[in-house]
Amino acid sequence: MDFTTFLWATFGVFVTLATFSFLYKDNPFYKFAEHLVVGVSAGYFVIILWHNSLKPNLFARLADGDWFYLWLNSTQPWYLIPAIIGAMMWTRFSKDYAWVSRYPMAMYIGIATGMAIPLEMANRINKQLYATMQLVKIDTTDLSGYFFGYGGFNLLDISNGVSNMIVFVGMITALIYFFFSKAHTGWFGKMAKVGIWTLMIGFGASFGFTVMARISLFIQRIQDVDSWGRVALNAGVTPNPNYNNWYQLVFWALIVFVLGYIIREIMMFIKSKSVKAET
Amino acid sequence: MGVFEKLMKLDRRWVFLFLVVVCVVTYYIDYDVPILPEDESRKLYDFIDSLPPGDIVFVAIDYDPNSMAELHPMTYAIVEDCWRRDLKVIITALSQNGPGMADQVIRDISDSMTVDRTYNGVEYKGREIANGIDYAFLGYKPYYTLVILGMGQDFRLPFPTDYYGTPIDSLPMMQGVINYDNIACVISLSSGTISDGWISYGQGRFGFPMFFGLTGVMTAQYYPYYGSGQLRGLMGGMLGAAQYESYADNPGRAMDAMKVQLPAHLVIIFFIIMGNIGYFASKSKKFEEVG
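Chains A and B, in that order, are what the protein sequence lines are. When you number the first sequence by this note's numbering, it's gap-free, plus one each residue, and the end is 637. When you number the second sequence by this note's numbering, it's gap-free, plus one each residue, and the end is 338.
Simulated from the structure, these hints should not be mistaken for lab results. Keep in mind it's a predicted model, so treat the numbers as computed, not measured. Positions of the beta carbon are idealized from the N, C-alpha and C atoms, including for glycine. Any given hint could turn out to be false.
Computed list of lysine-lysine pairs in DSS-like fashion (alpha-carbon distance at most 25 Å, straight line) [to be verified]: (1) A:K631 with B:K53; (2) B:K56 with A:K631; (3) B:K56 with B:K332; (4) B:K53 with A:K383; (5) B:K56 with B:K330; (6) A:K383 with B:K56.
Cβ-Cβ distance ranges computed for the label pairs, FRET-style [claimed, not checked]: (7) B:S217 with A:F380: 28 to 38 Å; (8) B:Q268 with A:L407: 39 to 49 Å; (9) B:K56 with A:A593: 34 to 44 Å; (10) A:M491 with B:P298: 37 to 47 Å; (11) A:R588 with B:V69: 47 to 57 Å; (12) A:I620 with B:S217: 52 to 62 Å.
Away from chain B, derived, C-beta distances all over 10 Å, residues of chain A [said to hold, decoys possible]: (13) Y382; (14) G397; (15) H409; (16) K453; (17) M465.
This is chain A alone, in the form it adopts within the complex (with noise of 0.2 Å):
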């Protein structure tokens, strides 16, 4: 590793600390890289679109053609159409002229629309339908999937056994619960209950997941502030023979900087209970 992807190494360990330090307060360390992560972000995004889609979608078709007369010699001269359209987009900053600007927010709008309508209502409504009614579906020829799942006794089974009736059921007392033109009372505020349990039960799955993505944002930092460790102080399980042992000057500047600002917040702590405590 070259002195410079070392320093870049430490600059994102000093970022990760510092973004982690909002955990105790916020501080100006924590400010600037939440600012660094969006402007970088911006900056990247720019940069990406230019080159991946501008340049090779639209310029590259066009650039058989000639600057002079707007590209009107090109074998693909109707990419043209896609690039006014777009261009009349940027009308909206101008107080006069920001009604054209509808036009291709409306074509945008209508297209989208024909497209997701049908697409949306037959993959994510009717599949999910006809997959709930399906889970009901008895095969009275053999009932014995039904109570056993695959490889022995297992009612909770997600494609087969009374796993299927657990969802059924769910799925009908949940929409109960949703059902507000009747009143929650007697049977009907019964099976509301259990659909509330059936939303509780989901959302309890969705919080165990959410915690497991929480903890993994944080490991894989603390994965990657150790092997920055490893390499800031040659403690690898094969050093690396290029080690400068200057490198270790900018490991503990880093140490003493994170340490005195610690050492500032302890300080103000006392002076702030001191002052309490006189007053």
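Chain B: place on chain A using the hints.
Chain B in isolation, oriented as in the chain A frame:
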């Protein structure tokens, strides 16, 4: 002030600190956590395992760096598994910050592919990975719905060139590869609504075998698509990544992370139980005081 009242007023930063200490300490303790197989992730591995050499797997890197903790290990495990089996890979990044990460994956795995490895008792000789022969990295295009639909017609419509600016037609592995009909499956590793796009505009419209690798936050939401058969398989969060690494016998960051997940979850469950006990205890005390 009783114990439970103190507990209810505990500064949440102590909870954070405790969790940090548990995570860091367990990270440095060497022990193994069993990774239990699950049908939904196993089906993806079995599908890849069933493909003959030369088949094309489409890997969509539809996530940003903020989700790389969970999804990057999946990408590494899947792409290396494909290349070790001599499968070809088409890679896209439909998320705007994805191309850089996809490029990193390609470079890193290309390096590790030069080394001989043995996975599940099978010895794989190291070899050089070549752009256009083993993989085609098509890059990023905005408006994923249009891109997904466009690729169903012809990959060249949204992607006239690959990420590096080479015309797709000049890549050897793309000769005769027109659209989804010419690939074995699509694996979308996603951290957002792009997965909805793949279901509605991709799998639903063109009917190819579809697999998802999702962040933990999203996973529960997509199980109905697995149940309905729209998804052939599904990997959820870091556990899904660890499962794939375990099936492929290629331990990586995800399997390493699971030894921290277990104690971290136990700590969180402990705090939830204590918080609930504290809540109900203080509630009943108030009830007694009111009479």
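### Message
Run the distance test for K56 of chain B versus K332 of chain B: straight-line Cα separation, threshold 25 Å.
### Response
Between K56 of chain B and K332 of chain B the Cα gap is close to 16 Å, so the pair holds against 25 Å.
### Query
Are the Cα atoms of K56 of chain B and K631 of chain A separated by 25 Å or less?
Roughly 19 Å separates the two Cα atoms, so the pair holds.
### Assertion that Y382 of chain A lies farther than 10 Å from chain B (Cβ)
Incorrect as stated: the minimum Cβ-Cβ distance to chain B is 6 Å, not above 10 Å.
### Task
Please settle this one: H409 of chain A was flagged as non-interface, so is its CB more than 10 Å from every CB on chain B?
violated (8 Å)
#### Entry: CB-CB spacing for L407 of chain A and Q268 of chain B relative to the 39 to 49 Å hint
Given about 29 Å between the Cβ atoms, the range is violated.
### Query
Was K453 of chain A rightly flagged as not at the interface, with every chain B Cβ beyond 10 Å?
holds (28 Å)
### Query
Is G397 of chain A truly not at the interface, in the sense that its beta carbon sits beyond 10 Å from all beta carbons of chain B?
holds (13 Å)
#### Entry: Pair hint K631 of chain A and K53 of chain B, alpha-carbon separation not exceeding 25 Å
Answer holds: K631 of chain A to K53 of chain B is near 20 Å, not above 25 Å.
### Query
Keeping to a limit of 25 Å between CA atoms, is the pair of K53 of chain B and K383 of chain A held or broken?
holds (22 Å)
### Task
Could you grab the alpha-carbon distance between K383 of chain A and K56 of chain B and see if it respects the 25 Å cut-off?
The given pair, whose Cα atoms are some 18 Å apart, holds under the 25 Å limit.
### Message
Hinted pair, alpha-carbon criterion (25 Å max): K56 of chain B, K330 of chain B. Please report holds or violated.
### Response
Satisfied, since the Cα-Cα distance of roughly 14 Å is no more than 25 Å.
### Query
Does the Cβ distance between S217 of chain B and F380 of chain A fall inside 28 to 38 Å?
violated (49 Å)
Checked against the numbered hints given earlier, this structure breaks hints 7, 8, 11, 13 and 15; the rest are met.
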